[in-house]
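Enquirer: Based on the hints, put chain D in the right spot on chain Z.
Those sequence lines, one after another, are chains Z and D. The numbers in the first sequence follow the working numbering, run straight up by one, and end at 1090. The numbers in the second sequence follow the working numbering, run straight up by one, and end at 1090.
Just to be clear, a hint being listed does not mean it is correct.
For chains that are exact copies, the list does not tell them apart, and a pair is met inside one copy or across any two.
Cross-link-like lysine-lysine pairs, in silico, DSBU-like; alpha carbons within 30 Å at most [said to hold, decoys possible]:
#	residue 1	residue 2
1	LYS1008	LYS1028
2	LYS1005	LYS1028
3	LYS1032	LYS1008
4	LYS951	LYS1008
5	LYS1067	LYS1077
6	LYS976	LYS1058
7	LYS1006	LYS1031
8	LYS1008	LYS1047
9	LYS1028	LYS956
10	LYS1031	LYS1008
11	LYS1047	LYS976
What the hints contain is simulated information worked out from the structure, not anything from laboratory work.
Number of protein chains: 2
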Amino acid sequence: MTEVKTTFIKDMEFVAMTTSGNKIVMDTLKENGAGATPMELLLAALTGCTGMDIVSILKKMKLEFTKFEIVVQGERAEEHPKIYKKIRLIYKLYGDLPPDKVIHAIDLSIDKYCSVSNMLKSVTEITYEYKIYYPPSSVHLKNR
Amino acid sequence: MTEVKTTFIKDMEFVAMTTSGNKIVMDTLKENGAGATPMELLLAALTGCTGMDIVSILKKMKLEFTKFEIVVQGERAEEHPKIYKKIRLIYKLYGDLPPDKVIHAIDLSIDKYCSVSNMLKSVTEITYEYKIYYPPSSVHLKNR
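Next up, chain Z with everything else stripped away, as it sits in the complex:
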């Protein structure tokens, strides 16, 4: 069982303490807010989840990269509840990586292993693109 304990601090600020002993400060989106918003955390969780899968899958494929970034963009509903209607993931990989292997790794994560994407995909449309930077001067692009 995973457990998180969250305490109200002041105004709209909350601090969560995780089972792993990590502290997450949350606040609303405002100037000088104390922490990330809950909906930002959701996107961060998605990138961490799929990112860890892909690192693990590429390692099994014996493929190496020098840098790996994921940008995620969420488009929210205008009415309550303001859920993400669409989520776009942009995977940026730096290294000599065959595009078909990268696509396979991403699909395995999004469709099978990543708990976060698999909890969100029934209510939101998750799409992705990837960019492979190799050699450093060129870029391979692909959308799904």
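Expert: Just chain D now, kept in the frame of chain Z:
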């Protein structure tokens, strides 16, 4: 649009940077892990989301509390994708709060306002209980 940029650091460690300028470190669950796990972040996001709603609703009801904590427990599937099959929220409120108003505030959050619960509830069973500590020596309990 909400955007988060996440960078691979090493091993399974990632750092997310949110639109609000906050940094979230993520890692797998292990001794000396560098940050929270993505699935812990998901639970933290849920508590922050429903917590902020409830603070806001109680304020509109002109009800005051001295302390407010939320414990959340998630039970994961045994097979991939290891989504949360059940999520249990325990709201702990300290103050002279009428139970019916507290129930109304929680229900409004979970069912209508909280974007996170409304993204998760179609794939996971979300239940809650609340505890009102007032006067400090007694506790009112209720399950939904």
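Enquirer: All hints, please: hold or fail.
Expert: Now the hints, each set against the structure:
1. LYS1008 x LYS1028: between (41 Å within a copy, 25 Å between copies)
2. LYS1005 x LYS1028: Answer is between; shortest inter-copy Cα gap is 21 Å, intra-copy 37 Å.
3. LYS1032 x LYS1008: Neither: 33 Å inside a copy, 36 Å across copies.
4. LYS951 x LYS1008: So LYS951 and LYS1008 pass the 30 Å test across copies only (26 Å; inside, 39 Å).
5. LYS1067 x LYS1077: Only inside one copy: LYS1067 and LYS1077 sit 22 Å apart there, 33 Å across copies, limit 30 Å.
6. LYS976 x LYS1058: Between copies, since 23 Å is at most 30 Å while 36 Å is not.
7. LYS1006 x LYS1031: For LYS1006 and LYS1031, only the inter-copy Cα distance (29 Å) is at most 30 Å; the intra-copy one is 33 Å.
8. LYS1008 x LYS1047: within (11 Å within a copy, 57 Å between copies)
9. LYS1028 x LYS956: Intra 24 Å, inter 34 Å, cutoff 30 Å: intra-copy only.
10. LYS1031 x LYS1008: neither (36 Å within a copy, 33 Å between copies)
11. LYS1047 x LYS976: between (41 Å within a copy, 28 Å between copies)
Comparing the model with each earlier hint shows violations of hints 3, 10; every other hint is respected.
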